[in-house]
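Chains as they are written, first to last, in numbering that gives the first Met the number 0: chain A, 0 to 332; chain B, 0 to 385.
These aren't lab readings, by the way, just hints derived from the structure by calculation. Only a predicted model underlies this, so the values are computations on that prediction, with no experimental measurement involved. Incorrect hints may appear among the rest.
Label-pair distances were calculated between CB atoms; the ranges are [as the list claims (entries may be wrong)]:
(1) A:GLU82 x B:PRO330: 47 to 57 angstroms
(2) B:ASP344 x A:PRO106: 53 to 63 angstroms
(3) B:GLY266 x A:VAL303: 41 to 51 angstroms
(4) A:PHE269 x B:LEU219: 50 to 60 angstroms
(5) A:LEU58 x B:LEU53: 49 to 59 angstroms
(6) B:PRO330 x A:LEU58: 55 to 65 angstroms
(7) B:LEU219 x A:SER27: 45 to 55 angstroms
(8) B:PHE292 x A:PRO59: 14 to 24 angstroms
(9) B:ALA359 x A:GLU82: 49 to 59 angstroms
Beta carbons are placed, not taken as given, at the ideal position from N, Cα and C, and that holds for glycine.
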Amino acid sequence: MSPVLQVRDLYLHYADPAGTVRAVDGVSFELGEPGTALGFVGESGCGKSSAANAMLRMLPGNTARYDGEVWLDGVCVSALDAEEFRRSVRWRQMALVPQGAQNSLNPVMRVGKWLTEPVRQSRSADIEPDALERQARGLLERVGLPSGTWNLYPHELSGGMKQRVMIAGALIFSPRLLIMDEPTSALDVSVQAQIMNLLKDLKAEGLSILFITHDIALASDICDRLAVVYAGRIAEIGSSEQILGQPAHPYTRRLLGSIPRLHDEALPEFIPGAPPDLRKLPSGCRFHPRCDVPLTVCPERVPVRLKAESGQDVWCWLHDRTVNQVALEIQDE
Amino acid sequence: MTASTEVFEEVLVADQADQDDRFYYASQWSLIWWRFRRHRVAMVSTVLLLLLYLLAVLPGFFSPYLPSTRFESYQEAPPVRLHWMDKSSEGGGFIGPHYYGYEKTLNKETFKYEFEPILDNPIRLRLFAPGSEYTIVGDWTSTIHFFGTDVEEPPPFMLFGADRLGRDLLSRTLYGARISLSIGLIGVALSLILGVILGGISGYFGGLIDEVIQRLIDFLISIPQIPLWMALSAALPRDWPVLKTYFAITIILSILGWTGLARVVRGKLLSLREEDYAMAAKAAGTGESRIIFKHLLPGFTSHLIVTVTLAVPTMILAETALSFLGLGIQPPAVSWGTLLQDAQDIVAIAQHPHQLIPAAWVMAAVLLFNNVGDGLRDAADPYSDH
Chain A
0 MSPVLQVRDL YLHYADPAGT VRAVDGVSFE LGEPGTALGF VGESGCGKSS AANAMLRMLP
60 GNTARYDGEV WLDGVCVSAL DAEEFRRSVR WRQMALVPQG AQNSLNPVMR VGKWLTEPVR
120 QSRSADIEPD ALERQARGLL ERVGLPSGTW NLYPHELSGG MKQRVMIAGA LIFSPRLLIM
180 DEPTSALDVS VQAQIMNLLK DLKAEGLSIL FITHDIALAS DICDRLAVVY AGRIAEIGSS
240 EQILGQPAHP YTRRLLGSIP RLHDEALPEF IPGAPPDLRK LPSGCRFHPR CDVPLTVCPE
300 RVPVRLKAES GQDVWCWLHD RTVNQVALEI QDE
Chain B
0 MTASTEVFEE VLVADQADQD DRFYYASQWS LIWWRFRRHR VAMVSTVLLL LLYLLAVLPG
60 FFSPYLPSTR FESYQEAPPV RLHWMDKSSE GGGFIGPHYY GYEKTLNKET FKYEFEPILD
120 NPIRLRLFAP GSEYTIVGDW TSTIHFFGTD VEEPPPFMLF GADRLGRDLL SRTLYGARIS
180 LSIGLIGVAL SLILGVILGG ISGYFGGLID EVIQRLIDFL ISIPQIPLWM ALSAALPRDW
240 PVLKTYFAIT IILSILGWTG LARVVRGKLL SLREEDYAMA AKAAGTGESR IIFKHLLPGF
300 TSHLIVTVTL AVPTMILAET ALSFLGLGIQ PPAVSWGTLL QDAQDIVAIA QHPHQLIPAA
360 WVMAAVLLFN NVGDGLRDAA DPYSDH
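The following block holds chain B by itself, in its conformation from the complex (with noise of 0.2 angstroms):
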C-alpha cells in the first residue's frame, strides 16, 4: 500500500506546484467569481445596487429633509437645478455647488403658480451639514445631513421637486426606497423558503405528493395576481400599524411568488435524485431531508441564486403594483408605489412630470436586479466561455 501511497502524493505535489493550473483546482465559486468579473455590465449594476440599498440603508442621511417636512408654499414645485457658475448679476465664475430659491407667480392667464429662481441670492451647499434631526436605528439620531447648507432659513433645495403637498421628493424616494427595495428581498427570502421546501418534497419524493403540490402550484398560477393581492390586502384591517401591514404584504407577495422557484428546485431534483450519489447517501443511512438540503441542494445552489436575483424585480414590482393602486403600503408610510399615487393623474403628470421620478427609480432597481441576475447566470453556467 505505502508504495502506491507514494505515487498518489507524488502526482498531487507535481500538479499543485503548478502555478497555471490554478483554474483546474479553482472551487465552484473562485470560477463563477472570475467569470463575473469579467461581466463588465453585471459589475457595475452590482456596484450601483450596492449604492443603491446603501441609500436605502441610510434615508436619513443622505435626505435634506424628513419625508414628512411640508414647505406649504412650494406644492408641487418643479426640481430646483443645482449650478456650479454663479448666476447672480455682479457674479460670475465658479463657486462651487450652490441653488437659488424660487420666486412663486400666480399666472394670471392660466391660474396656474410659476415658480422663478432668484438669481441674485447663490445658496452654497456643502457635504455633511446639519440639519433636522433623524433617526438612524432605534434611539440613535442624528442632525448631519450628507448635503445641505449653512445659510439660515434657507429656501427648500428640492432637486427632485416637491409633491403636491410640498413635500420633498428626494426625501421621500430615498425614504420609500427603505420599504421598497427591501420588500423584494424579504418576500423572495420567503419564497425561497417556500419553494425549496415544497418544491423539493414533490421532485424527491415524487407520486402523490408531487401531484398535489403541482396541482397546487397550477392552481395558484392560474388565478389571476393583481385581483388575487387586491382581495388579499384588502381583507387587511386598515388600522394595522405600518411595521405589521408591510409583512403582510411582503407575504401576500410570496404567496404567489414561490410557485416559480418550486418548479425550478423541483425539475432539478427530479433528475438529482436519480444521480448515483443521491442513491449512495441513501445507502449510508442519510435520512430523505438531510438528502435533499444537504447532499442535493448544494448542487444547484448557483442556478437558485441566479433565479433568486431574477426574481427579486418582479417582487419589487409588484409591491409597487399594490401601493400604486393604493392597497399595498398605507400613507403616511412611503414606498416607490405609493409615491406615485400621486402621478396616477393625467393632467398632473402633464403639468408636473417631475411626479415621474419615483418611477424611473423603480426601473433603475429592476434594470439593475435583471443586469445582476444575467451576469450570475453567464457566470455560473460551466459551459459560457471561460
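In isolation and in its complexed conformation, chain A is listed as follows (with noise of 0.2 angstroms):
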C-alpha cells in the first residue's frame, strides 16, 4: 500500500534584495499508515510553517524556486495544474489548520457560515443546504463545541473554541491529511491538553496528521513519528521513542539538551552560536558551524541520507562508515 503522503525534494525559495531565502531546501519524508501522525519540530524560521506552504502549493509572490513532488495515496497532486489542484486537493485531501488558527476566522462571518463555506463554494457536487448544515453542526459537536456556537461571531469566541472551530473546518470534506501549524501555541496548556486529546481522538479514528511544532514534547505526545528540522532541511527522522531515546544527530542530541528538566542541577544547556540566516547558508553540512563533533568533511560536503536505526534516518556524516574511518585514521595519526 502506498504511504498517505510522500514528499519528494521539496524546494520553496523566496526572492529577497539581500540574497535567496531557502526556506525549504530539499525535503523528503513521507508519511506511513493512515491515522499516525508525524511531528515537524525545529526551531522558529526553520523552514517548517513553508514546507507546510509548499505542500499545499500556497506560494507568496516572491517564490524564487519552487518544486519537489508530493504524493498523496500514491497519487503525485503535485502534477496537477493549478486550478485542478486547487478544487480537488486543499481542503479536500490536506486540509491545512495554519498558524495563528486565532486569526484565520474571518472576522465579519458567522462561525456557521465560515463553515459551510467551502462547501458551498465548490459549486460541482449540488450540496442539500440542510444535510450540509447538519454535517457541520455535527462537526461541531465533535470538537466539543455546543450547537449555540453556530450564530456566533470569532471575537465571541475564546482561544480553545477558535482552534476547534478551525480544526472542525478543517474536516468538513473529511480530508485524508490534516496539516497543523503550531495548532495550540497560542493556549494556555490546559486547553491545549483539551485540543492535544480531540486530535488523538481523531487519530485513533483514522486521520493522519501532519503536526508542525517547535515544542519537542507536544510533539512526541501525539506524533508516531518525528522529523527534526534545521534550517530548511531534515536532520533526523524517526519514531518518537528513537529521536528522543536515542538522538543520532548533534543537533537532535543539543536540542534535547536545552530543555529544562525538573529538580535536576545542571542547567539547560543551550545550543552556541545562533540559527543560520536562510539567506547566507553555511556550506556543506548547515549546522557544523555550531556542531559539538564536527568532522572535516562536514564543511565541504552536504550530507547524505543515511541510516542511522532500522526506521531512523539521519542526515549526518558522523553515521558514515567511510567517513567515520577516515576521521579514526586521522585522529589516530
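Make the complex out of the two chains shown on their own, each in a separate frame, by following the hints.
See below:
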C-alpha cells in the first residue's frame, strides 16, 4: 500500500533583495499508514511553516524556486495544474489548520457560514443545505463545541473555541491528511491538553496528521514519528522513541539538552551560536558551525541520508562508515 | 468531550441571559445603527433626503403643473407669495392658504414688466386638488396634484416664479430632481462596480496588474476633468433620445468617478490580503475572486458605504456642471443643471434672482448627502465614542 503522504525533494525559495531565502531546501519524508502522526519539530524560522505551505502550493508572490513532488495516496498531486490542485486537493484531501488559527476565522462571518463556505463555494456537487448544516453541526459537536456556537462571530469565542472551530472546518471534507501548524501555540496548558486529546481521538479514527511545532514534548505526546528540521532541511527522522531516546544527529541531542528539567542540578544547555540566516547558509552540513563534534568533511560536503537505526534516518556524516573510518585514521595519526 | 461541552454551554447561556450584555452581542450593523441614531444632524438629514427623493420619484404629483406648460404672459414672473391672512379690502383674518393673481404692467421708465398682486381676489389652495394630467409610471396617469385650487381658470400659482418662457420653476425643479438625483445614485453605482472590481484585483494580486491599474488611474486623474467631460459629451450625437443621453452622461461621469473608489478598495485589500483568514480561505481551496468578494470585501462594507455616500454629491455636482455648460442633459429634458442655464447671464440674475432657486436645491442635496455621509462615517468608526 502506498503511503498517505510522500514528499520528495521539496524546494521553496523566496526572492529577497539581500539574497535568496532557502526556506525549504530539498525536504523528503513520508507519512506511512493512515491514522499516524508525523511531527515536524525545529526552531522558529527553520522553514517548518514554509514546508506546509509548499505542500499545499500556497506560494507567496516572491517565490524564487518551487519544485518537488508531493504524493498523496499514490497520486502525484504536485503534477496537477494549479486550478485542479485548488479544486481537488486543498481542504478536500489535505487540510491545513494554519499558524495563528486565532485569526484565521473571518471576523465578519458567523461560525456556521465560515464552516460551510468551502463546500458552498465548490459548485461541483449539488449540496443539500440542510444536510450540509447537519453535517457541519455534527462536526462542531465532534470537536466539543455547543450548538449555539453556530450563530456566533469569532470575536465571541475564546481561543480554545476558535481552535476547535478551525479543526471542525478542516474536517468538513473528511480529508486524508490534516496539517496542523503550531496548533496550540497561543493556548494555555489546559486548553492545549483538550485540543491534544481531540487530535488523538481524530487520529484513532484514521486521520493522518502532520504536526508542526517547536515544542518537542508536545509533539512526542501525539506523534508516532518525528522529523527534526534545521535550516530548511530535515536533520533526522525516526520514531518518537528513537528521536527522544537515542538521537543520532548532534543537533537533536543539543535540542533535547536545552529542555529544562525539574530538580536537575545541571542547567539546560543552549546551543552555541545562532540559527543560520537562510540567505547565507554555511557550506556543507548547515549545522557544522554550531556542532560539537564536527568532522573535516562537514563544511565541505552536504550530508546524505544515512541509516542510523531501522526506521531512523539521519543526515549527518558521523553515521557514514567510510567517513568515520577516515576520521578515526586522522585521529590515530 | 461531553463534560467540556456542558461547561461551554453554561457560559453561553449565562452570558446571553444577561440583558446588559446586549451591546457585546450586537452585530456590527446594529452597533452602527445605534451610533447613527444618536447623530442628530445625520438623522435629520436622512429624513430630509428621503423626502427629497420622494419628491423626485413623484414629481407629477407634487408639482402643480407640467414642466412644459407655458403661461405666455408670465414670462420671468417673480415667485408668487403664499398667504394665510386675507389681504383684500373688505377682508382680514385667517382664511387658510391662498394666493393672489398678478397684474402685469409695463414700467414706462425702465421698459420692464412689473408684476403686482391683485389683492381683492384671494384664490384659496387645497390639498389633493385636480389639475393637468401627468404620468406616474408607464401608462399609469393621474390628475390629482398635491396642492391646487378649485377656482375655474385660476392665474398660475408659481411658488418659485417662472422662467423666461413662462414655465413654472417649481414644477421644473421637481421634474429636474428626477434626473439630477438619480444620476448621482446610478453614476455612483457604476463607479462602485468598476472601483470594487478593478481596485480589488489591483490590491489583491499586486505586482504587474496592480502597477498597470494604478498607472491607468493616475492617467485618468491627471486629465483635467471638465475638458474630458466636455470632449466626451460633445461626442454624443445630438439626436439621441433623452434616455440614451442620460445613460451616456452617467457612464461618462463614472469613467472618472471609479478611480477614487478603486484606490480605497485597493488600499484596504492590500492590508486585508495579509490577514490570516485570507490565507485560511486560500488553504480551503477558495478561488481568488471569491476570496476578494466574499471573504475580504465584507470586512470593509461599512467603509465602502461611507465612501459611496460621500461620492454621490460629487456626481450630482458634476452632472449639474455639465448640463449648466449645455453639454449634459439636453432640453426639453430638465435637470437642475439645465435650469441653471437660465441663470448664466448676470443681467438675468440681477433682475430675476429667483432663477437661482434650483442652485439652492443642488446645495441642499449636496449638504444633506455630506451630513449623512459624515454621520455614517462616525457611526461606522469602531474607535469613535459610543
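Outcome of the hint check:
no. : hint                                    : result
1   : A:GLU82 x B:PRO330: 47 to 57 angstroms  : 55 angstroms, holds
2   : B:ASP344 x A:PRO106: 53 to 63 angstroms : 58 angstroms, holds
3   : B:GLY266 x A:VAL303: 41 to 51 angstroms : 50 angstroms, holds
4   : A:PHE269 x B:LEU219: 50 to 60 angstroms : 59 angstroms, holds
5   : A:LEU58 x B:LEU53: 49 to 59 angstroms   : 54 angstroms, holds
6   : B:PRO330 x A:LEU58: 55 to 65 angstroms  : 60 angstroms, holds
7   : B:LEU219 x A:SER27: 45 to 55 angstroms  : 52 angstroms, holds
8   : B:PHE292 x A:PRO59: 14 to 24 angstroms  : 22 angstroms, holds
9   : B:ALA359 x A:GLU82: 49 to 59 angstroms  : 58 angstroms, holds
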